[in-house]
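S.K.: The lines below spell out each chain.
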Amino acid sequence: MSATARGGNGTAPLVSVRNLKKEFPIKKGVFSRQVGAVKAVNDVSFHVARGETLGVVGESGCGKTTTGRTILRLLEPTSGEIYFEDRDVRALGTRDLRALRRDMQIIFQDPVSSLNPRMTVGAIVREGLTIHKLAEGAAADARVSQLLQEVGLRPEYATRYPHEFSGGQRQRIGIARALSVEPKFIVCDEPVSALDVSVQAQVINLLEDLQREHNLTYMFIAHDLSVVEHIADRVAVMYLGKIVQLATADDLYREPLMPYTQALLSAVPVADPKSRKERIILSGDVPSPASPPPGCVFHPRCHHPAKDVACTKIVPPLEEKTPGHFVHCIKQPPTTVSWEQQKEVGGVHPPERYLPLAAVHA
Amino acid sequence: MPGLIPASAVIKPAQPRESPLGLTLRALLRRRSSRIAMIVLGVIILVGLLAPFIAPYDPAAQPDIVALKDLPPSLSHPFGTDPYSRDVLSRVIYGARLSLTIGILATIVSLTLGVAYGAVAGYIGGMLDAIMMRILDAFLSIPRLLLMLGVLVAWPHLSIGALVLFLGLTGWFGLSRIVRGQVLALKHAEFVTAAQALGASRRRILARHLLPNLVSPIAVAATLGVAHVIVLEAGLSYLGIGVPQPLASWGNIIQDGADQVARLWWMSLFPGLFMVSTVMMLNILGEALRDVYERRS
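Residue numbers (the working numbering), protein chains in the order written: chain A, 36 to 397; chain B, 3 to 299.
Hints in this document: simulated from the structure, not taken from any laboratory. By construction, the Cβ of each residue, glycine as well, lies at the ideal position given by its N, Cα and C atoms. Hints are not guaranteed to be accurate.
What the hints assert, rightly or not - Quick partial rundown of chain B residues pointing at chain A, CB under 7 Å, derived from the structure:
no.	residue
1	Pro-22
2	Ala-62
3	Ala-191
4	Glu-192
5	Phe-193
6	Thr-195
7	Gln-198
8	Ala-199
9	Leu-200
10	Gly-201
11	Ala-202
12	His-211
13	Gln-247
Claimed, not checked - Lysine-lysine pairs mimicking DSSO-like chemistry, simulated, CA-CA at most 27 Å apart:
no.	chain 1	residue 1	chain 2	residue 2
14	A	Lys-56	B	Lys-189
15	A	Lys-56	A	Lys-348
16	A	Lys-168	A	Lys-219
17	A	Lys-56	A	Lys-168
18	A	Lys-378	A	Lys-356
19	A	Lys-378	A	Lys-348
20	A	Lys-168	B	Lys-189
21	A	Lys-56	A	Lys-356
22	A	Lys-63	B	Lys-189
23	A	Lys-62	B	Lys-71
Just chain B, same shape as in the assembly:
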């Protein structure tokens, strides 16, 4: 079998160089929906980061609880004031900071747990996997809201750290399922066998070959996870075990106005709008990521 084609004819790259991360970003920017989502989220994150510079008032200050309470939106208070005379706009701005931080931190906690648990179960497999998955089934069968009510009864005054931990600790079950499934599918891929044949340790295979290939499903889960935590935090605030006063989170601002929505509509509407758009944009972004990822594989 003589080589009929000169080697130089075939030895050239098919496409210009690009990392997988770069490809994903470019694909996200190409779609209008995910582009808009990224811009809106970017603005909200900026608002949160720059809160002390852009908030017109101190979010906890109660300048005049008689004269300045329950004011409808006006030029000096664009989002109105609450029954304690606090400026709702300033609270919503600071609320962006707190709600996003809680969402991101809690998601980091559940990602870490979920990835570790799922990866170990899927990679080691066998008996251990079976036992770990049954334990997971048990966790999954407890409704998250029921757990919350239990926590409410046990510790009525959760600190923010405890709240983040609680949200994180109850949010990793689904993700660890996904991770386990992916690891199970990937661990017999030939590049994993190749690493084994080179003499790579289990830890190396997990860290270098399996986990990097889970970035896409993890990114999807993280994006949707942040959205979910933000909604949950609002739910907890509604139940009275969310972020403690006088701190402001979107959830507890909505709650402040919830009793008199008809009269003090601005108190729930503005933080609600912020929360809904954040959650919606996160979901759009998550779906787009999933789509990009599925189209590629």
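So here's chain A without its partners, still in its complex pose:
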């Protein structure tokens, strides 16, 4: 069963992505000869169900931001399929794409560079209304006031400039801008990573309130598992352009079957001075996405005891280990890559269940 086949709650997914790839060419020399490609997103498939929040986590450079922007066609995908409701996003022409933009919005990480310093807050929030001819004149003013109030800002702020606001307030302005066109789906691209912890909580609570009120669907990108744990229904873990684990938030934290997820979880600080937690320290650096390792992308840094030469030869499918729980690892049973197949390429350790953090995160 593929990761896209099941809808989260039985309904058709709002967004589905199949075999998405995005490569950035590496060019060299006077004639811009292409000498390679950075495989930022390397064959990724998933769906986002209506009304759910899909968390996407991974280190910087793992392709999570690129995935989000490719779905919105802010970047053109290299290959793969993207569907929004029943619309083939990749096939849309300029006019249809512009119409689709009303349904899909984005909230950015950087509260400074995401707001035009030369525009007033009112003009920023109003732009979407003008572009999609949703309101003009006094009606637009009223809508801007309403949007500002909805994100917890005073309507009088419409005449001010972004530089007069704090990071958290700027994020609220960005959220109001995204909401202005009444989207169904919002890619939240690390919306709280640049904020103080206390402000992070406020912005996350605001996003949750808005989701309830407007029946929004989120793709919530973060590099911090504790933030995602709070807001996401399901979580996709990315590493080197691939989804290596995709599960409900509960399953992911209870049963991090992917060794990479185990390492990420062990790095989440626990606010308990008595807890003596086991740490998994990854050795080495993330390999270059221009030349990802063969086989399993994670094998050079993997600590699974059954890791062997088969991991360097076989690209693990993202396969369902328990219902709705997809993991990219041929050493965690059950696996569709049989032990015989693994032995054939030189495997010496049979698959074996390995869950070092099970006790800690129970």
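Using the hints provided, position chain B relative to the given structure of chain A.
M.R.: Below, chain B alone, put in the same frame as chain A:
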């Protein structure tokens, strides 16, 4: 994660409201050098604007070419008179008007061209950008003075309109470079991506998001550009293809006295002083603008 701090505690503006333009003006007024520059330039511009009311004589009138020629500065002719018996003070006052007008108009021409060319190259990018930049390199490799000599040979009697156009058409290369670089840097800013995500057209992104953010470097280039054109016009007048007689520009007044500087020193000194101080003040202002702009970013 409960919200521990009441929302009202953080939701207040950090500073009183002020537009970017207001901030720049205030920063310029706070510095002594740019404050002085603005005052001096303001006075010179006023002199130019009010020329007909403050000039004591008609700048082109030659009342008595025998008795009143080559007079040194005196009470009735504070800047003296020239070999045609014209009053140098009146000519310098009218010259302020003409020199500044030529400087400003020519700069408007080169700003328009430079901004349009640079913005298109930087925003569209790719092949078009590469081709446009190579063409620019070709233009940049021709010395402006050589072009001028060429023009002098082809059209010895340029009208003022043609002169403005010529100065404008040869002055935009450097600026379009700057604009292109800025657009290139800005077009991947997140607020541009946000506008794209909202469905903004390319034209809208260029007009609403990119160009307004280029105001600072353009303002710097414009200020320095006016100064440069004033000097160039003087150079052209010296070569004999500047502002035609009997009109007065600072350049051609200086030129009138250039042959006999030692004897008729007042003819070149006074317009020269005006020109040098204008150019200096413009440069000070331009540098201050650049400084304010860089400090902010």
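S.K.: Against each hint, give a clear statement of whether it holds in the structure.
M.R.: Going down the list of hints, with the structure as the test:
1. Because the closest C-beta pair between Pro-22 (chain B) and chain A is about 6 Å apart, less than 7 Å, the hint holds.
2. Because the smallest distance between the Cβ of Ala-62 (chain B) and any Cβ of chain A comes to about 47 Å, over 7 Å, the interface hint for this residue is violated.
3. Restraint check, Ala-191 (chain B) versus chain A: the minimum CB separation of about 5 Å is within 7 Å; hint holds.
4. Nearest Cβ of chain A to the Cβ of Glu-192 (chain B): about 4 Å, under the 7 Å cut. The hint holds.
5. Because the smallest distance between the Cβ of Phe-193 (chain B) and any Cβ of chain A comes to about 4 Å, under 7 Å, the interface hint for this residue holds.
6. The interface hint given for Thr-195 (chain B) is met, as the beta carbon of that residue sits about 6 Å from the closest beta carbon of chain A, less than 7 Å.
7. Because the beta carbon of Gln-198 (chain B) sits about 6 Å from the nearest beta carbon in chain A, less than 7 Å, this interface hint is met.
8. With a cut of 7 Å, the hint placing Ala-199 (chain B) at the interface with chain A holds, because the nearest CB-to-CB distance is about 5 Å.
9. At about 5 Å, the closest approach between the beta carbon of Leu-200 (chain B) and any beta carbon in chain A falls short of 7 Å, and the interface hint on this residue holds.
10. With its C-beta approaching chain A no nearer than about 4 Å, Gly-201 (chain B) sits inside the 7 Å limit, and its interface hint holds.
11. A hinted interface residue such as Ala-202 (chain B) counts as satisfied when its beta carbon comes closer than 7 Å to some beta carbon of chain A; here the least separation is about 6 Å, so the hint holds.
12. Contact between His-211 (chain B) and chain A, as hinted, is supported at the beta carbon level, the nearest pair being about 5 Å apart and thus within 7 Å.
13. Interface hint status for Gln-247 (chain B): violated, as the beta-carbon distance to the closest one in chain A is roughly 46 Å, over 7 Å.
14. Taking the CA atoms of Lys-56 (chain A) and Lys-189 (chain B), the gap is near 24 Å; set against the 27 Å cutoff, the hint holds.
15. Proposed proximity of Lys-56 (chain A) and Lys-348 (chain A) is supported: the alpha carbons are some 21 Å apart, at most 27 Å.
16. Straight-line distance between C-alpha atoms of Lys-168 (chain A) and Lys-219 (chain A) comes to about 18 Å, which keeps the hinted pair within the 27 Å bound.
17. Restraint check: the Cα-Cα separation between Lys-56 (chain A) and Lys-168 (chain A) comes to about 34 Å, which exceeds 27 Å; the hinted pair is violated.
18. The suggested pairing of Lys-378 (chain A) with Lys-356 (chain A) holds, with an alpha-carbon distance near 21 Å, which does not exceed 27 Å.
19. Between the alpha carbons of Lys-378 (chain A) and Lys-348 (chain A) the distance comes to roughly 11 Å, so the proposed pair stays at or under 27 Å and holds.
20. Distance restraint check for Lys-168 (chain A) and Lys-189 (chain B): the Cα-Cα separation of roughly 25 Å lies within the 27 Å cut-off, and the hinted pair is therefore satisfied.
21. Our distance criterion of 27 Å between C-alpha atoms is met by Lys-56 (chain A) and Lys-356 (chain A), whose separation comes to about 24 Å.
22. Of the pairs offered as hints, the one joining Lys-63 (chain A) and Lys-189 (chain B) holds, with about 22 Å between alpha carbons and a cut-off of 27 Å not exceeded.
23. For the hint linking Lys-62 (chain A) to Lys-71 (chain B), the alpha-carbon distance of about 72 Å lies beyond 27 Å, and the restraint is violated.
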